[in-house]
Amino acid sequence: MTINPDLQGRSYPAAEVYDVGREKIREFARAVKATHPAHFDLDAAKALGHRDLVAPPTFAIIIAQRADAQLIEDPESGIDFSRVVHADQRFIHHRPIFAGDRLVAELHVDGVRAMGGGAMITTRSEIFALTGEGAANGSPDPSREAVATATSSILVRGEGQ
Amino acid sequence: MSTASITPVFTELAVGQDIGSRSITVSRQDLVKYAGASGDFNPIHWNEAFATGVGLPGVIAHGMFTMGAAVQLVTDWAGDPAAVVDFQTRFTKPVLVTDTTGTEEPGAVIEVSGAIGALDADAGTARVDLTVVFNGQKVLMKAQAVVRLA
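Protein chains in written order, with our numbering: chain A, 1 to 161; chain B, 1 to 150.
Just so you know, the hints here were simulated from the structure itself, not pulled from any lab data.
Don't take each hint at face value.
[To be verified] Calculated from the model, a selection of chain B residues having no Cβ within reach of chain A, i.e. all distances over 10 Å: (1) Q17; (2) G102; (3) T103; (4) G117; (5) K138; (6) L149.
[As the list claims (entries may be wrong)] Cross-link-like lysine-lysine pairs, in silico, DSS-like; alpha carbons within 27 Å at most: (7) A:K33 - B:K138; (8) B:K93 - B:K142; (9) B:K142 - A:K33; (10) B:K93 - B:K138; (11) B:K93 - A:K33; (12) B:K33 - A:K24; (13) B:K33 - A:K33.
Predicted model, so just to flag it, every value in this text is computed and none were measured.
By construction, the Cβ of each residue, glycine as well, lies at the ideal position given by its N, Cα and C atoms.
Using the sequences and the hints given, assemble the complete structure.
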């Protein structure tokens, strides 16, 4: 199956909310062998002026890959997940991610380029924190604060690649 | 592993300056932990038969494991994980993790070193360029972390 070239320019709106928990930050930090106390100890995070535990610099991949899954699992995309190779990744942090954040991601397909029998697909997840009343009641249109932009390219290998 | 250092001061930094190095040992168990923590359960990162079945030499580390572990050198140097405002890389070679379950041997060892690649006085940021090597080959390319310094 070939990659649908019409994917370029497609967007997937923010779907489920991701609630950032302290234990998840600790678990992720241990999993990337991070030892900085601001990931583990509330007093250490506060001593640096942070309101809660700070997520490691690549934590946003959890939210970005959930957003990417919408594209990969879209039957119209033609993407075979078992043939996907991660080619590059970038995180721009507009502010740190803290425990207690309620995050949503909007996915944009910025590029689709044929490569051999496969394709290179570049996606961008714009990650926002829900703030104010919307954060509490899950309102569909709460005020949002930009948190991170995660850009990723995946290579979908064609047959024989 | 390097010990915690004094927080770097922007005006004392120079392009080319070394920020240190460390070795990261990786086991199959580490990959299972990363899979669980990240939600990335692609079997090429934990199932030998699946990995070889799709043409890989064996189980390989998640690129995001390597990226996430490599930046710890920068985080610890900066003194605050929130100081990393931009971090990017290309994944160029896989890190093959052999099954050493039941032994004290690591399944792979990744060598990370960092140097100041650029300084932006207006933004008060330093770009740290990471060199990340496994088995004598660079596994990340253009691994760059931009750090905001007080």
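Quick rundown of the hints versus the structure:
1. Q17: holds, 21 Å
2. G102: holds, 21 Å
3. T103: Non-interface label on B:T103 holds, nearest chain A Cβ at 19 Å vs cutoff 10 Å.
4. G117: Given a closest Cβ separation of 15 Å, the condition holds.
5. K138: holds, 14 Å
6. L149: Given that every Cβ of chain A is farther than 10 Å from that of B:L149, nearest at about 13 Å, it holds.
7. A:K33 - B:K138: Distance of about 20 Å is within 27 Å: holds.
8. B:K93 - B:K142: holds, 13 Å
9. B:K142 - A:K33: holds, 22 Å
10. B:K93 - B:K138: holds, 7 Å
11. B:K93 - A:K33: Status holds; Cα separation ~21 Å.
12. B:K33 - A:K24: holds, 12 Å
13. B:K33 - A:K33: holds, 10 Å
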